[in-house]
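**Q** Start from chain A and add chain B according to the hints.
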Amino acid sequence: MTTPSLVLELKQVCKHFPGVKALQNVDLRLFAGEVHALLGENGAGKSTLIKVMTGALAKSSGDIYFNGQQCHFASPAAAQRAGISTVYQEVNLLPNLSVAQNLFLGHEPRRFGLIQHKKMQQQAQQLLLRFKLNIDVTAPLAQYSVAVQQLIAIARGVAMSAKVLVLDEPTASLDSSEVQMLFDVMRQLREQGVAIVFITHFLEQVYQISDRITVLRNGSKVGEYLTADLPRSQLIEAMLGKELQQLTQQQAATAVAKQAEPLLVLQQISVKGSLSDISLTVAKGQAVGLAGLLGSGRTEVCRAVYGVDVLSGGEIQFGGKTLILQQPADAIKAGIALCPEERKTEGIIGPLSIRENIMLALQARRGWWRYLPVKQQQQLAAFYIDKLQIATPDADKPIEQLSGGNQQKVILARWLAINPQLLILDEPTRGIDIGAHAEIVLLIKSLCQQGMSLLVTSSELEELVAFAGKVVVLRDRQKVTELSGDNMTAQHIMQAIAEG
Amino acid sequence: MMSLRYLPLWITAALLCLLFGIGGWQFDGFASLAVVSNLFSDNAFLLIVALGMTLVIISGGIDLSVGAVIALSGVAAGLLISQYQWHPLLAFALIVPAAALFGALMGVLIHVYKLQPFIVTLAGMFLARGLATTLSEESIAIDHSFYDAVAEFGIALPGGGWIGSSTLIFMVVLVLVIMLMHYSRFGACVYAIGGNSQSAQLMGVPVASTTIAIYALSSVLAALAGIVFTFYTFSGYALAGVGMELDAIAAVVIGGTLLTGGSGFVIGTVLGVLLMGVIQTYIIFDGSLSSWWTKIVIGLLLFGFIVLQKVLSRRTALTAAAGSTAHG
Numbered sequence: 002m003t004t005p006s007l008v009l010e011l012k013q014v015c016k017h018f019p020g021v022k023a024l025q026n027v028d029l030r031l032f033a034g035e036v037h038a039l040l041g042e043n044g045a046g047k048s049t050l051i052k053v054m055t056g057a058l059a060k061s062s063g064d065i066y067f068n069g070q071q072c073h074f075a076s077p078a079a080a081q082r083a084g085i086s087t088v089y090q091e092v093n094l095l096p097n098l099s100v101a102q103n104l105f106l107g108h109e110p111r112r113f114g115l116i117q118h119k120k121m122q123q124q125a126q127q128l129l130l131r132f133k134l135n136i137d138v139t140a141p142l143a144q145y146s147v148a149v150q151q152l153i154a155i156a157r158g159v160a161m162s163a164k165v166l167v168l169d170e171p172t173a174s175l176d177s178s179e180v181q182m183l184f185d186v187m188r189q190l191r192e193q194g195v196a197i198v199f200i201t202h203f204l205e206q207v208y209q210i211s212d213r214i215t216v217l218r219n220g221s222k223v224g225e226y227l228t229a230d231l232p233r234s235q236l237i238e239a240m241l242g243k244e245l246q247q248l249t250q251q252q253a254a255t256a257v258a259k260q261a262e263p264l265l266v267l268q269q270i271s272v273k274g275s276l277s278d279i280s281l282t283v284a285k286g287q288a289v290g291l292a293g294l295l296g297s298g299r300t301e302v303c304r305a306v307y308g309v310d311v312l313s314g315g316e317i318q319f320g321g322k323t324l325i326l327q328q329p330a331d332a333i334k335a336g337i338a339l340c341p342e343e344r345k346t347e348g349i350i351g352p353l354s355i356r357e358n359i360m361l362a363l364q365a366r367r368g369w370w371r372y373l374p375v376k377q378q379q380q381l382a383a384f385y386i387d388k389l390q391i392a393t394p395d396a397d398k399p400i401e402q403l404s405g406g407n408q409q410k411v412i413l414a415r416w417l418a419i420n421p422q423l424l425i426l427d428e429p430t431r432g433i434d435i436g437a438h439a440e441i442v443l444l445i446k447s448l449c450q451q452g453m454s455l456l457v458t459s460s461e462l463e464e465l466v467a468f469a470g471k472v473v474v475l476r477d478r479q480k481v482t483e484l485s486g487d488n489m490t491a492q493h494i495m496q497a498i499a500e501g
Numbered sequence: 023m024m025s026l027r028y029l030p031l032w033i034t035a036a037l038l039c040l041l042f043g044i045g046g047w048q049f050d051g052f053a054s055l056a057v058v059s060n061l062f063s064d065n066a067f068l069l070i071v072a073l074g075m076t077l078v079i080i081s082g083g084i085d086l087s088v089g090a091v092i093a094l095s096g097v098a099a100g101l102l103i104s105q106y107q108w109h110p111l112l113a114f115a116l117i118v119p120a121a122a123l124f125g126a127l128m129g130v131l132i133h134v135y136k137l138q139p140f141i142v143t144l145a146g147m148f149l150a151r152g153l154a155t156t157l158s159e160e161s162i163a164i165d166h167s168f169y170d171a172v173a174e175f176g177i178a179l180p181g182g183g184w185i186g187s188s189t190l191i192f193m194v195v196l197v198l199v200i201m202l203m204h205y206s207r208f209g210a211c212v213y214a215i216g217g218n219s220q221s222a223q224l225m226g227v228p229v230a231s232t233t234i235a236i237y238a239l240s241s242v243l244a245a246l247a248g249i250v251f252t253f254y255t256f257s258g259y260a261l262a263g264v265g266m267e268l269d270a271i272a273a274v275v276i277g278g279t280l281l282t283g284g285s286g287f288v289i290g291t292v293l294g295v296l297l298m299g300v301i302q303t304y305i306i307f308d309g310s311l312s313s314w315w316t317k318i319v320i321g322l323l324l325f326g327f328i329v330l331q332k333v334l335s336r337r338t339a340l341t342a343a344a345g346s347t348a349h350g
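Order-wise, the sequence lines are chains A and B.
The numbering of the first sequence is my numbering, which starts it at 2 and goes up by one.
The numbering of the second sequence is my numbering, which starts it at 23 and goes up by one.
Only chain A is shown next, with the shape it has when bound in the complex (with noise of 0.2 Å):
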C-alpha cells in the first residue's frame, strides 16, 4: 500500500437538532484506498455525521474538506457529483423502477439526449456481474429481495465511480455468503484507491475488512485508531464509554436486593430467526439489566415478553402462571408494559398534548366508552408532571416540542398511570441528555423501591450497573451470562459481550 492520502476530511463538525445535539465537535479523516470503519452504539451519531458528510443535513458548525479544498454540498446530487456516493441503511431505491434504472438514475448512458435503454441495461448486467448477480434488470426493482436490494444499491455506489463510498450497515440483510461478496467487491475498490466508509455493528466484519476505526459515542468522537492497534476489548470500552468508576459505587446499595418471590421467569424461550433459549428471572421489585451489542438480542427479549413477537419454543411465566401472549394487548392485561426503543415512531404522538399522552394507555385499557372525566386527567398529568419533574410550562403543550429527556419521561408516566407490575424500557436514555440520564436512573430504582419489576436494556453499561440488581448479557441472540453482585461492574460486563 503506498502512503495514504487524505480525501476527505471533517473538522470539528456540530449538527443540532431542536433538544438534541446530535454531533459535536466531530473530526473524521478518509484516506484513498482504506476501508474505515465508523463505530458506535444506537444514537451515537453515526448516521447524522453520514448525512452531513452527503449532503443530506445541514451542518450546523464546522468545515469540509474534499481534496484539501474547502468545499459545502447542499444536497446529496452536489456531493455526489463530487464523488461521494452513500448507500443508506434502509434501502433507498425506487421499487417502482427497473434495476437498470435504479442503477443509473441521473447518469442514464445517452445519444443525441435521448436515454439509450439498450446499452444501459447491458452496463447494468455487466456491473451486476461483478456481484456476481445475474438477474434481469428490466424487472421492477421491487421484485427482487431485501439483499439483493441492498447489492443494487451498492453496485449504484460503484458505478458512479466514487472517490468517497459510504456503506450505511450494508450487510445487516445479507447471509454470509453475500457479505463475503461484498467484501471482495469492497477490497478490489480498495486498491482502485476508493476511501470506503463502513458502518456495521458487526464487530467480526470490522476487523475483517477495515484499515481504520473512527469511534463516536453520544454525539462525539471518541477517537480514531488502527484497526491492528486496536484489540477488541478495547474498542468495546470505547464504543460503551469508561467513566464507569463513579456511578459504580453507588451500585452496592441496591444490589442487596432482597430474595423476593420471582414475577417473570423465562425458561428456553426461543423466537424463531431472533433469539434461542434465553432463559431470565425477574424477581418482584427488582430491576434487571439486558446487555449486549445491537443485534444481540436485548431488543427481541423485551418484544417476546411483551407479545409482540410469538414465541417458537419455552415458556413464559409470570406471577407463577403460564402466560400465553398472541399479541401485545394480552401482555397489557397481563400487567405488562413496554416503553419502546424508538420513541418518535413507536412512542409519542407528537401533535397531541402532553396530557393526552399521558393518558393513552390508561384511557385504552378503560375502554374507548368509559371517557376519562377532563378533570381527573388534568389530576393525574399534573401529578406526573410533578412527581416525573417534567419540564414543562403546562399539561397541554405538544409533547413534540418537548426535548428528548421529557418526552422519555412522559412516556414512562404513561405506562406509571396504568401501574403495571412488570415495566419493559428498551434504551430508556437513549439519545437524551445527560441530565436526564440521571434522573431516570433515579426513577428507576425508586419504582424498584415501590415494588415495580423492571426488565430495561441499555448501551450505556454504567447505568445499567446503578440500577440493576442483576445483569443478563446477550450475544448473538443468546445469554452468555448473568451477573450480579460484586461481579456486577461494567468491565466484567464489557468482558462477557467480548469474549462470550
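It should be emphasised that the hints constitute simulated quantities derived from the structure, not laboratory data.
Take these hints with a grain of salt, some might be off.
[Claimed, not checked] From the structure, some residues in chain A lie toward chain B, with a derived Cβ separation under 7 Å:
hint : residue
1    : 81
2    : 95
3    : 98
[To be verified] Away from chain B, derived, C-beta distances all over 12 Å, residues of chain A:
hint : residue
4    : 103
5    : 131
6    : 268
7    : 351
8    : 366
We put the beta carbon where it would ideally sit given N, CA and C, even for glycine.
**A** Using the frame of chain A, we list chain B on its own:
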C-alpha cells in the same frame, strides 16, 4: 411479472378493440376511418390535457386546475384576437409562457411549502376560472383568417377520414411527451419522484426543479388544449372545460397509470381517452340511449380499474415479501 405491469394497458386496449368491434358489427359506418379520425379530432384537447395530467399523476401529484386553465387561455385568446386585434400566433406566444408561469408557481408552492398538490391546484382552479369569468362572462366569438386556415388545413384519408390541425398538434405533443417521459432523464426523474421523493432526493434527483417543471408543463399543455379548443369552437368561453380535469384524471387512470404515482405509460392515457370517446360514439350511433350513459359507463370502468390496480399492487408487494423472507 412484466405482463402484470402491462396488464391494465392491455385490458384498456382490449376493451377499446372490443367496443369498436361491437360497434362496427352493430352499426353501418361505425368501423370507418371517418369515425376514427373524428375520435381524434373531437378529443384532441382532452388528449393533450390528459397527457399533461399523466405526467403529474406519475409524479404522485394531481392537477385540478387544467379545466380552468383551458377556459382562461380560451378567453384570453378570444379577447386578444377579437377585441385587441392581435394576430393569433402572437396571442398564443403570450398565453403559453403565461400558463407556464402559472403552473411553475403552483409547483413552487407544492415543493417549497410541502403543500398538497390537491389543495394548491384546487386554489389554482378557482383562480383561473374566476379570472376567466372576470375577463368576460360572455362567450367571445373568434373570427380570423388564421382560424379559417387552421380549420381547412389537414390531410384527407380514404373513406372520409381527415387528419386536421388539432389531431396533428396532438400527435406532435404525443411524440414529445413520449420522448420526454420514456427517453429523457427528466422523465426518469418524474417516475423516481412518484416512486418515493425522499429516496429520489437521496439518489441525487433534482426534486425541486423537476416538481416545478412538471406543473409548468401541465399548465402549458392545458393552455395548448385551450387553444385547440378554440379551433374546435371558434370562440373563447369562461365556462369551457368545466370538469375536464376530472375527465383527464379518469382517462389517465383507465390508461393504467397508478394514482399513487411512480408507474404508468403515456400511451395508456391515449388509449384511455379513446376508450371514453368510443363509448360516446357508440351511444351517439345507438341514438336511443341518453348521453349520460357515457358517464355511467366511465364510472363503472373507473371502479374496475382502481380495484384492478389495488389487486396488482398487492400482488407485487406479496411477491416482494416472499422474495425477502426467502433470504431471511
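**Q** Hint by hint, say whether it matches the structure.
**A** Comparing the hints with the structure gives:
The criterion of a C-beta within 7 Å of any C-beta in chain B is met by residue 81/A, whose closest approach is roughly 4 Å, and the hint holds. Given the 7 Å rule on beta carbons, the hint for residue 95/A holds: about 4 Å separates it from the nearest Cβ of chain B. Interface hint status for residue 98/A: upheld, as the beta-carbon distance to the closest one in chain B is roughly 6 Å, under 7 Å. For residue 103/A, the non-interface assignment is contradicted: its Cβ lies about 8 Å from the closest Cβ of chain B, within the 12 Å cut-off.
Even its closest Cβ contact with chain B, about 20 Å, leaves residue 131/A beyond 12 Å, as expected for a residue assigned away from the interface. Non-interface status of residue 268/A relative to chain B is upheld: no Cβ of that chain comes within 12 Å, the nearest being about 26 Å off. Non-interface call for residue 351/A relative to chain B: holds, since the shortest CB-CB distance, roughly 16 Å, exceeds 12 Å. Residue 366/A, annotated as away from the interface, keeps every beta carbon of chain B farther than 12 Å; the closest lies near 33 Å.
When held up to the earlier numbered hints, the structure conflicts with hint 4 and nothing else.
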